[in-house]
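**Q** Residue numbers (the numbering used here), protein chains in the order written: chain S, 19 to 331; chain L, 19 to 331.
It is possible that some hints are incorrect.
Which copy is meant is left open, so a pair is good if it fits within one copy or across any two.
[Stated by the list, open to error] Below are the EDC-like pairs computed for lysine to aspartate or glutamate, each with C-alpha atoms no more than 16 angstroms apart in a straight line:
no. : residue 1 : residue 2
1   : K138      : D102
2   : K138      : D94
3   : K252      : D80
4   : K44       : E320
5   : K229      : E197
6   : K44       : D204
7   : K44       : E206
8   : K138      : D80
No wet-lab data here; the hints were simulated from the structure.
Spelled out, the chains give:
2 protein chains.
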Amino acid sequence: MFLALAGGVGGAKLALGLTQVLPPDKLMIVVNTGDDFYHLGLRICPDIDTVTYTLAGIANPDTGWGLRDETWNFMDFQGRLGADTWFRLGDKDLATHLERTRRLGAGETLSSITALFAKKLGIRHPVVPATDNEIMTIVKTPDGPLGFQEYFVRLKCEPVATGFDFPGAAKAQASPRLEKAFKRDDIEAVIICPSNPYVSIAPILAVPSIKRFLTTARIPVIAVSPIIGGQAIKGPAAKMMKELGVTPSSIAVSNYYSRVASALVIDTADAHEAEPIRAHGMRVCVTNTVMTTNAEKTQLAEDVIAFARSLRG
Amino acid sequence: MFLALAGGVGGAKLALGLTQVLPPDKLMIVVNTGDDFYHLGLRICPDIDTVTYTLAGIANPDTGWGLRDETWNFMDFQGRLGADTWFRLGDKDLATHLERTRRLGAGETLSSITALFAKKLGIRHPVVPATDNEIMTIVKTPDGPLGFQEYFVRLKCEPVATGFDFPGAAKAQASPRLEKAFKRDDIEAVIICPSNPYVSIAPILAVPSIKRFLTTARIPVIAVSPIIGGQAIKGPAAKMMKELGVTPSSIAVSNYYSRVASALVIDTADAHEAEPIRAHGMRVCVTNTVMTTNAEKTQLAEDVIAFARSLRG
Numbered sequence: 019m020f021l022a023l024a025g026g027v028g029g030a031k032l033a034l035g036l037t038q039v040l041p042p043d044k045l046m047i048v049v050n051t052g053d054d055f056y057h058l059g060l061r062i063c064p065d066i067d068t069v070t071y072t073l074a075g076i077a078n079p080d081t082g083w084g085l086r087d088e089t090w091n092f093m094d095f096q097g098r099l100g101a102d103t104w105f106r107l108g109d110k111d112l113a114t115h116l117e118r119t120r121r122l123g124a125g126e127t128l129s130s131i132t133a134l135f136a137k138k139l140g141i142r143h144p145v146v147p148a149t150d151n152e153i154m155t156i157v158k159t160p161d162g163p164l165g166f167q168e169y170f171v172r173l174k175c176e177p178v179a180t181g182f183d184f185p186g187a188a189k190a191q192a193s194p195r196l197e198k199a200f201k202r203d204d205i206e207a208v209i210i211c212p213s214n215p216y217v218s219i220a221p222i223l224a225v226p227s228i229k230r231f232l233t234t235a236r237i238p239v240i241a242v243s244p245i246i247g248g249q250a251i252k253g254p255a256a257k258m259m260k261e262l263g264v265t266p267s268s269i270a271v272s273n274y275y276s277r278v279a280s281a282l283v284i285d286t287a288d289a290h291e292a293e294p295i296r297a298h299g300m301r302v303c304v305t306n307t308v309m310t311t312n313a314e315k316t317q318l319a320e321d322v323i324a325f326a327r328s329l330r331g
Numbered sequence: 019m020f021l022a023l024a025g026g027v028g029g030a031k032l033a034l035g036l037t038q039v040l041p042p043d044k045l046m047i048v049v050n051t052g053d054d055f056y057h058l059g060l061r062i063c064p065d066i067d068t069v070t071y072t073l074a075g076i077a078n079p080d081t082g083w084g085l086r087d088e089t090w091n092f093m094d095f096q097g098r099l100g101a102d103t104w105f106r107l108g109d110k111d112l113a114t115h116l117e118r119t120r121r122l123g124a125g126e127t128l129s130s131i132t133a134l135f136a137k138k139l140g141i142r143h144p145v146v147p148a149t150d151n152e153i154m155t156i157v158k159t160p161d162g163p164l165g166f167q168e169y170f171v172r173l174k175c176e177p178v179a180t181g182f183d184f185p186g187a188a189k190a191q192a193s194p195r196l197e198k199a200f201k202r203d204d205i206e207a208v209i210i211c212p213s214n215p216y217v218s219i220a221p222i223l224a225v226p227s228i229k230r231f232l233t234t235a236r237i238p239v240i241a242v243s244p245i246i247g248g249q250a251i252k253g254p255a256a257k258m259m260k261e262l263g264v265t266p267s268s269i270a271v272s273n274y275y276s277r278v279a280s281a282l283v284i285d286t287a288d289a290h291e292a293e294p295i296r297a298h299g300m301r302v303c304v305t306n307t308v309m310t311t312n313a314e315k316t317q318l319a320e321d322v323i324a325f326a327r328s329l330r331g
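The following block holds chain S by itself, in its conformation from the complex (with noise of 0.2 angstroms):
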């Protein structure tokens, strides 16, 4: 059995190449819940909302977020009545949002909210927050502390980030199947999907149970790089790390995980950065990690297997 860490886009792009290649039995995926917020009263879960709409195949795969198809007339009438707009929801996605606020208040887990939304959307792949726990993603600026959501919708990524806090972590407990999967003589691997390290893996590794899981377990953590050529697919991984006094790189990558990670996954692009990352001591795959089409999100599963595997051996 795997356990995939992931956070929005790429890491569901690589979860639903998973669940193509491993039956829901022998596959959890795990999402960060460190950029989840209230917004208008709603309870907002970003990456569970992209993992689930990826897996049910109902994603907008122009945006990165939300549903195909959808339509915006609760927004524009908010917009009328003077109400704040800058997150923007569609009617179809807030229906998400309103059942899971409502659910949550009904004394509901958010672990069981989110497979119940799963089963309806017809997933069979476990889908499992990282933490019933609220738990929040601070990005530290020169201005001052932000708000994940603050950040990267409302000022698109443009103040500098000098690093990051996750309030609540700390006293955070792995969601029950996740704790419960941690007492398995199962799992093959742990699988870092190519999320932002900084801002959806980070979050996840500071529940300290699932820390220590990843440091203590005699399993393979392969994670894959989500820096190719120096840049992310997506998202501000690469900025963050030019911030923080680092060149984006897959060699940044493998130094960030070395403590938890005895293993990386790297780009064809990137392929001479082999060498110097295994002088560190971390194990190397090097592959095709875009994730354009069906096709390469299945192939690049397949070769994290495999990979993986090898690793036992």
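On the provided structure of chain S, position chain L as indicated by the hints.
**A** Chain L alone, transformed into the frame defined by chain S:
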């Protein structure tokens, strides 16, 4: 200055007529809040919304509730997620409920939110909730009490109504602008719009200071009968009368309002009821009360105002 007490559809029609013949400083529209309720965590105020949308010229002319050119993608997706869909919420309409709920949660009053939305939608006349306190409308039935929207929307008015209760009303205060209006010395008359007496007007009158004003102020209180030819234009008023052992008629409306109103406007179709009503000490105006066209709304408003002024002379 005139006060108009209004429920949903019929009330909104006459309110619209009144706005076309009276300037904003000569009319206050006081709206029923008895059937307001919480649904999916949202505070929904059906009569305030119907009046507001009608005055803004954006009401759905076919349903009697909601917005014209509405879409239903939220509800469709909500259904996919297994959520309750018995109370229909359009995509645009939802913005009203969500923003109202958010503002109430932030401590704003229903009065101030209603005034804000009215302003944003270009309404110049004051639209005022009867009360800012939460009250309820309970329909008593042989099988037990029902919340009004349960009875009205989910059960389509099918249960037999044996009576009504308005929990919260006895301790409710009239909303601030209405309390202030009660102290003015230039109120010419109170107009009870042709709304359902039992579930649209009674909850307004159940607020003690409103009832006190109507019964002690020395000004005409004129009710417009919602019953024409023994039937209600819309809604369960006539059905309720039968279930309460009363023959649906303008005479029944006159009897119902005898303690608060001194005059009744009835439809030409009920002209033969004028004498029996007058015999009970009520002044009567017979005119066309069917408001299909805008001209009919304006004409009825003019007739009611002329009738009110004739009563003062």
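**Q** Each hint needs a verdict: does it hold in this structure or not?
**A** Each hint, compared with the structure:
no.	hint	in the structure
1	K138 / D102	between (30 angstroms within a copy, 14 angstroms between copies)
2	K138 / D94	between (28 angstroms within a copy, 13 angstroms between copies)
3	K252 / D80	within (12 angstroms within a copy, 47 angstroms between copies)
4	K44 / E320	within (14 angstroms within a copy, 75 angstroms between copies)
5	K229 / E197	within (12 angstroms within a copy, 61 angstroms between copies)
6	K44 / D204	within (9 angstroms within a copy, 78 angstroms between copies)
7	K44 / E206	within (9 angstroms within a copy, 77 angstroms between copies)
8	K138 / D80	neither (24 angstroms within a copy, 33 angstroms between copies)
Violated hint: 8 only; the structure is consistent with all others.
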